[in-house]
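> Here is how the chains run, residue by residue.
Number of protein chains: 2
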Amino acid sequence: MIKLNKAILPAGFKANGVKCGIKKSNKPDLALFYSTLPATASAKFTKNSILAAPLKVNKAQLSSGKHFQAVLVNSGNANCFTGKAGMLDAWLTVKKVAKELKIADTSVLVNSTGIIGKRLPIARMNNAIPGLVKGLSSAKATLAQKAMMTTDTFIKEVSVKFKIAKRTVTVCGVAKGAGMISPDMATLLCFIFTDAAITKQALDKALSVAVENSFNCITVDGCMSTNDTAIVLANGAAGNKLIELKDNYAKFSEALNLVCLDLAKMIVLDAEGASKFIKINVYAAKSRDEAKKVALAIANSDLFKTACFGENPNFGRIAAAAGASGIKVEEAKLKVKLGPLNKKHIHLSVGLSRGKASVTVYTCDLTGDYIKINAEYN
Amino acid sequence: MIKLNKAILPAGFKANGVKCGIKKSNKPDLALFYSTLPATASAKFTKNSILAAPLKVNKAQLSSGKHFQAVLVNSGNANCFTGKAGMLDAWLTVKKVAKELKIADTSVLVNSTGIIGKRLPIARMNNAIPGLVKGLSSAKATLAQKAMMTTDTFIKEVSVKFKIAKRTVTVCGVAKGAGMISPDMATLLCFIFTDAAITKQALDKALSVAVENSFNCITVDGCMSTNDTAIVLANGAAGNKLIELKDNYAKFSEALNLVCLDLAKMIVLDAEGASKFIKINVYAAKSRDEAKKVALAIANSDLFKTACFGENPNFGRIAAAAGASGIKVEEAKLKVKLGPLNKKHIHLSVGLSRGKASVTVYTCDLTGDYIKINAEYN
Numbered sequence: 002m003i004k005l006n007k008a009i010l011p012a013g014f015k016a017n018g019v020k021c022g023i024k025k026s027n028k029p030d031l032a033l034f035y036s037t038l039p040a041t042a043s044a045k046f047t048k049n050s051i052l053a054a055p056l057k058v059n060k061a062q063l064s065s066g067k068h069f070q071a072v073l074v075n076s077g078n079a080n081c082f083t084g085k086a087g088m089l090d091a092w093l094t095v096k097k098v099a100k101e102l103k104i105a106d107t108s109v110l111v112n113s114t115g116i117i118g119k120r121l122p123i124a125r126m127n128n129a130i131p132g133l134v135k136g137l138s139s140a141k142a143t144l145a146q147k148a149m150m151t152t153d154t155f156i157k158e159v160s161v162k163f164k165i166a167k168r169t170v171t172v173c174g175v176a177k178g179a180g181m182i183s184p185d186m187a188t189l190l191c192f193i194f195t196d197a198a199i200t201k202q203a204l205d206k207a208l209s210v211a212v213e214n215s216f217n218c219i220t221v222d223g224c225m226s227t228n229d230t231a232i233v234l235a236n237g238a239a240g241n242k243l244i245e246l247k248d249n250y251a252k253f254s255e256a257l258n259l260v261c262l263d264l265a266k267m268i269v270l271d272a273e274g275a276s277k278f279i280k281i282n283v284y285a286a287k288s289r290d291e292a293k294k295v296a297l298a299i300a301n302s303d304l305f306k307t308a309c310f311g312e313n314p315n316f317g318r319i320a321a322a323a324g325a326s327g328i329k330v331e332e333a334k335l336k337v338k339l340g341p342l343n344k345k346h347i348h349l350s351v352g353l354s355r356g357k358a359s360v361t362v363y364t365c366d367l368t369g370d371y372i373k374i375n376a377e378y379n
Numbered sequence: 002m003i004k005l006n007k008a009i010l011p012a013g014f015k016a017n018g019v020k021c022g023i024k025k026s027n028k029p030d031l032a033l034f035y036s037t038l039p040a041t042a043s044a045k046f047t048k049n050s051i052l053a054a055p056l057k058v059n060k061a062q063l064s065s066g067k068h069f070q071a072v073l074v075n076s077g078n079a080n081c082f083t084g085k086a087g088m089l090d091a092w093l094t095v096k097k098v099a100k101e102l103k104i105a106d107t108s109v110l111v112n113s114t115g116i117i118g119k120r121l122p123i124a125r126m127n128n129a130i131p132g133l134v135k136g137l138s139s140a141k142a143t144l145a146q147k148a149m150m151t152t153d154t155f156i157k158e159v160s161v162k163f164k165i166a167k168r169t170v171t172v173c174g175v176a177k178g179a180g181m182i183s184p185d186m187a188t189l190l191c192f193i194f195t196d197a198a199i200t201k202q203a204l205d206k207a208l209s210v211a212v213e214n215s216f217n218c219i220t221v222d223g224c225m226s227t228n229d230t231a232i233v234l235a236n237g238a239a240g241n242k243l244i245e246l247k248d249n250y251a252k253f254s255e256a257l258n259l260v261c262l263d264l265a266k267m268i269v270l271d272a273e274g275a276s277k278f279i280k281i282n283v284y285a286a287k288s289r290d291e292a293k294k295v296a297l298a299i300a301n302s303d304l305f306k307t308a309c310f311g312e313n314p315n316f317g318r319i320a321a322a323a324g325a326s327g328i329k330v331e332e333a334k335l336k337v338k339l340g341p342l343n344k345k346h347i348h349l350s351v352g353l354s355r356g357k358a359s360v361t362v363y364t365c366d367l368t369g370d371y372i373k374i375n376a377e378y379n
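So the protein lines, in turn, are chains X and Y. For the first sequence, position 304 matches number 305 in the working numbering, and the numbering has no gaps at all. For the second sequence, position 238 matches number 239 in the working numbering, and the numbering has no gaps at all.
Everything labelled a hint here was simulated from the structure, so no lab data went into it. Hints should not be assumed to be uniformly reliable.
[What the hints assert, rightly or not] In silico SDA-like links for lysine to any residue, alpha-carbon gap of 20 angstroms or less:
{"#": "1", "chain 1": "X", "residue 1": "329", "chain 2": "Y", "residue 2": "85"}
{"#": "2", "chain 1": "X", "residue 1": "329", "chain 2": "Y", "residue 2": "45"}
{"#": "3", "chain 1": "X", "residue 1": "147", "chain 2": "X", "residue 2": "167"}
{"#": "4", "chain 1": "Y", "residue 1": "373", "chain 2": "X", "residue 2": "96"}
{"#": "5", "chain 1": "X", "residue 1": "4", "chain 2": "X", "residue 2": "167"}
{"#": "6", "chain 1": "X", "residue 1": "345", "chain 2": "Y", "residue 2": "4"}
{"#": "7", "chain 1": "X", "residue 1": "329", "chain 2": "Y", "residue 2": "84"}
{"#": "8", "chain 1": "X", "residue 1": "336", "chain 2": "Y", "residue 2": "50"}
{"#": "9", "chain 1": "Y", "residue 1": "20", "chain 2": "Y", "residue 2": "138"}
{"#": "10", "chain 1": "Y", "residue 1": "334", "chain 2": "X", "residue 2": "50"}
{"#": "11", "chain 1": "Y", "residue 1": "48", "chain 2": "X", "residue 2": "327"}
{"#": "12", "chain 1": "Y", "residue 1": "373", "chain 2": "X", "residue 2": "312"}
{"#": "13", "chain 1": "Y", "residue 1": "338", "chain 2": "X", "residue 2": "84"}
{"#": "14", "chain 1": "X", "residue 1": "338", "chain 2": "X", "residue 2": "373"}
{"#": "15", "chain 1": "Y", "residue 1": "334", "chain 2": "X", "residue 2": "335"}
{"#": "16", "chain 1": "Y", "residue 1": "373", "chain 2": "X", "residue 2": "316"}
{"#": "17", "chain 1": "Y", "residue 1": "60", "chain 2": "X", "residue 2": "331"}
{"#": "18", "chain 1": "Y", "residue 1": "96", "chain 2": "Y", "residue 2": "131"}
{"#": "19", "chain 1": "X", "residue 1": "119", "chain 2": "Y", "residue 2": "316"}
{"#": "20", "chain 1": "X", "residue 1": "294", "chain 2": "Y", "residue 2": "327"}
{"#": "21", "chain 1": "X", "residue 1": "25", "chain 2": "Y", "residue 2": "313"}
{"#": "22", "chain 1": "Y", "residue 1": "7", "chain 2": "Y", "residue 2": "169"}
{"#": "23", "chain 1": "X", "residue 1": "336", "chain 2": "Y", "residue 2": "119"}
{"#": "24", "chain 1": "X", "residue 1": "334", "chain 2": "Y", "residue 2": "84"}
{"#": "25", "chain 1": "Y", "residue 1": "373", "chain 2": "X", "residue 2": "88"}
{"#": "26", "chain 1": "Y", "residue 1": "57", "chain 2": "X", "residue 2": "335"}
{"#": "27", "chain 1": "X", "residue 1": "48", "chain 2": "Y", "residue 2": "335"}
{"#": "28", "chain 1": "X", "residue 1": "329", "chain 2": "Y", "residue 2": "50"}
{"#": "29", "chain 1": "Y", "residue 1": "48", "chain 2": "X", "residue 2": "57"}
{"#": "30", "chain 1": "X", "residue 1": "373", "chain 2": "Y", "residue 2": "342"}
{"#": "31", "chain 1": "Y", "residue 1": "60", "chain 2": "X", "residue 2": "332"}
{"#": "32", "chain 1": "X", "residue 1": "294", "chain 2": "Y", "residue 2": "294"}
{"#": "33", "chain 1": "X", "residue 1": "48", "chain 2": "Y", "residue 2": "329"}
{"#": "34", "chain 1": "Y", "residue 1": "4", "chain 2": "Y", "residue 2": "255"}
{"#": "35", "chain 1": "X", "residue 1": "119", "chain 2": "Y", "residue 2": "335"}
{"#": "36", "chain 1": "X", "residue 1": "119", "chain 2": "Y", "residue 2": "314"}
Bound-form chain X, shown alone (with noise of 0.2 angstroms):
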């Protein structure tokens, strides 16, 4: 299995990124994907009970549609909390990216990110699709990266390539980072490629487990998006046996855990206003979910991120945050080791003396960069 730190798109997909006028700073801001094949397609969305326009519309093709080619994606606007008419004006974006590259209107995938409450510019946008379909490549990956991005500081991708008997298969995976996007929300947006042919069934496992064990261990904030996506398309272009849940799925399921977790740390480490990049491991508790609540309760505890800013250990801030975590943890069986707190990447692991299942999650530190950032956005 051999790992890249960049985009390297699989057989049969292409991409671009154009500048169409969504965002004020007039960087580019649509970007598309494209399968010359029709690809298998699972997704992960949010759970926030807000959804953004573009969710609901993927949910009901998810749901409908069989075969999936394109994936359509703007920054600069969210498409959320604008109602029966954000509605309309995603359904507009599937229509009119079908139409030009000539595939049924339930193959076509959209997502927003950036600002909640406003309309998307739907004139600009279809305009610029016809150029956009038109300039469709193997070889602009980044050009579709750069349009995808909000606040982040750099492109978030990574590759895996492994064989299935002689065939080689990759798994290509770009996101958009979880700082907070300007002006508004954090989102985090990720799309994954694959040539490989693969059944649902078994990528709709493998897509789960990746990304319970990545984006749902990170947290900046603790702040849930209305727009949190992550979709994967497989088009089987590699020609490899099928993977199914029987067979061959180890692999792909590596790899793909593989590109998902390398994703989710990156957005921690790009998020906005961090310093440090905070490694927290929850051993000996007696099961995931318990271990998953303590960590995520010190990752999310304002007092415990300031402390890892300002350097100063505080074994405190850590015990209480994992008392008030919900789970019975007891003063005189925690074991908490912390590292140093002079370096970039810090390190704190907790154990609970409780069992034997373990969780490790990522977050940053809260700095007054953050502050600054996301009280001075106007």
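Since chain X is already given, all that's left is putting chain Y on it; use the hints.
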């Protein structure tokens, strides 16, 4: 019912405060409240599963004893995460106070606030206790309050007087704040003294109701302390007809509610680094519990709090926080009304269109000063 913005110790209560050398700053750090008559007591403690030693001692005292006369409070050291030695220290102060006051060990309650994980300087405290007792006076409430303070910038005190037949009953409350305690922990300590004659059952219920509507409806940073305590002593010196659940209860309950809510609001006003006082009313919920979940999700959202600090109205952050609360709020039915942000007091109301229950919670903004205070406390 008359409310006064100062501590008026009810009949039979005395207080004192001294410096004993716990605080490096050489400020007062040891306080004693004393009832010359045996008093009925009720208390509420933090739900954190890591409890500071004095809370364990108080729980034991309250479950075994019936009458209480003394409340000792030290600031500068939380006596938390101190193991068996910390428990012994707490018991030693109980015994010393009882001996000097010539009262039963079982009638003393003890409280600590300050740094976590360090032993109390027990010799210094025991040396100071005789003088502390000797100086007790009904005119020294302010001295005692000063010795409870940590990073509080003002004394939190309120008294309510009301009549039962021709007898005047006084309820006097003092508190120290949930600004982060130098240098380690948020702790909310509240002591209420009343000369009411009241049954234990009525006192317990009145305190539960008052705490739920006040201290359990405020949040500064969502970090639950290991030391939070509210204690009420009722010594009967007013000579009123005994307050029972079915007799004169409403008046007493109203007075206790007033006292607790006033103190709770003062704590939010004095939260570390805060520049705004934010009142959040969630209405039209299915239940009070549901309303509170939504209200606290908004109140603890770093994004909402930084938006208030920056005076940037942001409905998206409010909707996203409500949606992340676990309650199935519906975008189309959500009614959000946010008052002007360029004021010291901000009022947010959120209607869920799901039922008839409501709740009001209080919080503050998240500022650069909060980070500074909690990151750079060394």
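> Taking the hints in turn, state whether each one holds.
Hint by hint, here is what the structure shows:
no.	hint	verdict
1	X:329 x Y:85	19 angstroms, holds
2	X:329 x Y:45	18 angstroms, holds
3	X:147 x X:167	34 angstroms, violated
4	Y:373 x X:96	51 angstroms, violated
5	X:4 x X:167	18 angstroms, holds
6	X:345 x Y:4	53 angstroms, violated
7	X:329 x Y:84	17 angstroms, holds
8	X:336 x Y:50	15 angstroms, holds
9	Y:20 x Y:138	17 angstroms, holds
10	Y:334 x X:50	12 angstroms, holds
11	Y:48 x X:327	9 angstroms, holds
12	Y:373 x X:312	12 angstroms, holds
13	Y:338 x X:84	17 angstroms, holds
14	X:338 x X:373	31 angstroms, violated
15	Y:334 x X:335	45 angstroms, violated
16	Y:373 x X:316	19 angstroms, holds
17	Y:60 x X:331	17 angstroms, holds
18	Y:96 x Y:131	12 angstroms, holds
19	X:119 x Y:316	11 angstroms, holds
20	X:294 x Y:327	15 angstroms, holds
21	X:25 x Y:313	18 angstroms, holds
22	Y:7 x Y:169	17 angstroms, holds
23	X:336 x Y:119	17 angstroms, holds
24	X:334 x Y:84	11 angstroms, holds
25	Y:373 x X:88	43 angstroms, violated
26	Y:57 x X:335	18 angstroms, holds
27	X:48 x Y:335	18 angstroms, holds
28	X:329 x Y:50	6 angstroms, holds
29	Y:48 x X:57	39 angstroms, violated
30	X:373 x Y:342	17 angstroms, holds
31	Y:60 x X:332	17 angstroms, holds
32	X:294 x Y:294	18 angstroms, holds
33	X:48 x Y:329	10 angstroms, holds
34	Y:4 x Y:255	11 angstroms, holds
35	X:119 x Y:335	17 angstroms, holds
36	X:119 x Y:314	14 angstroms, holds
Hint compliance for this structure: hints 3, 4, 6, 14, 15, 25 and 29 are not met, and every other hint is.
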